[in-house]
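Asks: Sequence:
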Amino acid sequence: MTGEDTGRPSGAPPRPWWLRALPLALLVFLVLAQVIPPRDVDVGSLLAAVPPLAALAYGPLTTTAISAVVLVLVNTPLVTVHHSVASRITAILLCVLSVLIALGRTRRDVQLVTARSVAEAAQRAVLEPPPATVGPVRCAALYRAAQSGTLVGGDLYDVQDTPHGVRAIVADVQGHGIAAVKTVAGLLGTFREAVLDEPTLTAVADRLDRRLTLDAARGAAGPDGGELFATAVLLEFTPDASALHVVSCGHPAPLLIRGGSAEELPVDHAPPLGLGLTSLARTETIPLRPDDVLLAHTDGVTEARDATGAFYPLADRVTAGAPTHLVTALWQDLSAYAPTIDDDVALLALAPTRLPQPPEPREHVPDT
1 MTGEDTGRPS GAPPRPWWLR ALPLALLVFL VLAQVIPPRD VDVGSLLAAV PPLAALAYGP
61 LTTTAISAVV LVLVNTPLVT VHHSVASRIT AILLCVLSVL IALGRTRRDV QLVTARSVAE
121 AAQRAVLEPP PATVGPVRCA ALYRAAQSGT LVGGDLYDVQ DTPHGVRAIV ADVQGHGIAA
181 VKTVAGLLGT FREAVLDEPT LTAVADRLDR RLTLDAARGA AGPDGGELFA TAVLLEFTPD
241 ASALHVVSCG HPAPLLIRGG SAEELPVDHA PPLGLGLTSL ARTETIPLRP DDVLLAHTDG
301 VTEARDATGA FYPLADRVTA GAPTHLVTAL WQDLSAYAPT IDDDVALLAL APTRLPQPPE
361 PREHVPDT
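Positions 1 to 368 (my numbering) are the ones given, in order, by the sequence shown.
If you are wondering where the hints come from, they were derived from the structure by calculation, not from laboratory data. The C-beta atom is built at its ideal place from N, Cα and C for all residues, glycine as well. A couple of the hints might just be wrong.
[What the hints assert, rightly or not] DMTMM-like cross-link-like pairs, simulated, lysine to aspartate or glutamate; straight-line CA separation at most 25 Å:
| no. | residue 1 | residue 2 |
| --- | --- | --- |
| 1 | K182 | D342 |
| 2 | K182 | D215 |
| 3 | K182 | E198 |
| 4 | K182 | D206 |
| 5 | K182 | E128 |
| 6 | K182 | E227 |
| 7 | K182 | D299 |
| 8 | K182 | D158 |
[Unchecked claim] What follows is a list of derived Cβ distance ranges for each label pair:
| no. | residue 1 | residue 2 | range |
| --- | --- | --- | --- |
| 9 | A315 | L280 | 25 to 35 Å |
| 10 | S242 | L112 | 27 to 37 Å |
| 11 | L112 | D316 | 19 to 29 Å |
| 12 | A320 | R282 | 51 to 61 Å |
| 13 | T308 | T285 | 35 to 45 Å |
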């Protein structure tokens, strides 16, 4: 709880100003209405309504202080006109109940904020933003979950520096929201292990496919059993970032942004992961230039619609720029284009920067 006793724990959204001002304004109004002539209106019962309002806006300390003021006023002949034992007892009970309500509400809010903080930390641990630079590749990512109140949904991305070069993934698993987080966590763990061990992207795809197949088999015996699949695009930069290897498993093709224009990479789409068909996956190799930018995304971007129902034309609206600027500008444009975005959105921008070549050894010329 904050030192100002606002009735909300640290990290909770602030309460509306009008809600905090309402009990104080009502208290002042009733006192003035009783003090200023003519003083022929009994406001004792109305004063008793101030502590419950304070309990909705403040913590127990401030609610206790306001309740004490109300009890003093109720028992002051200058303010109230008619006194009775019943009205005094009612006022006391309302004040005590208001303090208890404020105390209980504050404790509940602390528990809710703690639970939310733990959940957010767990979700961030599952899907961490990539570093600004991974090996010879600059990176930037953006994620927006469709389900309100969550940070992770059914999309995922990751970038890892490996002995085989910088490898990245963008994928879209079956389902949305919290129900898909377990699958996302499993795929990310498998990807981070496979990219270190497997020599090819198709072998990495095999590992991911097997993970989904095993998860689906385990779930088939439980209440959530059934088919489990995910679309994914796997990327691999050569060690000098001069070329890109791509494997697509039913996922939208990444965009290559070069010279101010954007085009989809010519990739061969294999079936999604989890269907046991990764043997059909093929690796495409694309030569790269130092100023190229790769943009991988999920279908939450291209399936967003404007007010007329037209899909978002990603290739026409993406702008060239550094990865961080690119994903930020793209999200702002997408948010303005589509009134509502009902699917998870993941963006991963990668810009290769070729490593400097080591100087050629000079031939030693003996002194004469």
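Asks: With reference to the structure, classify each hint as holding or not holding.
Replies: Verification of the hints:
| no. | hint | result |
| --- | --- | --- |
| 1 | K182 with D342 | holds (21 Å) |
| 2 | K182 with D215 | holds (10 Å) |
| 3 | K182 with E198 | holds (24 Å) |
| 4 | K182 with D206 | holds (20 Å) |
| 5 | K182 with E128 | holds (15 Å) |
| 6 | K182 with E227 | holds (15 Å) |
| 7 | K182 with D299 | holds (20 Å) |
| 8 | K182 with D158 | holds (16 Å) |
| 9 | A315 with L280: 25 to 35 Å | holds (26 Å) |
| 10 | S242 with L112: 27 to 37 Å | violated (52 Å) |
| 11 | L112 with D316: 19 to 29 Å | violated (44 Å) |
| 12 | A320 with R282: 51 to 61 Å | violated (29 Å) |
| 13 | T308 with T285: 35 to 45 Å | holds (40 Å) |
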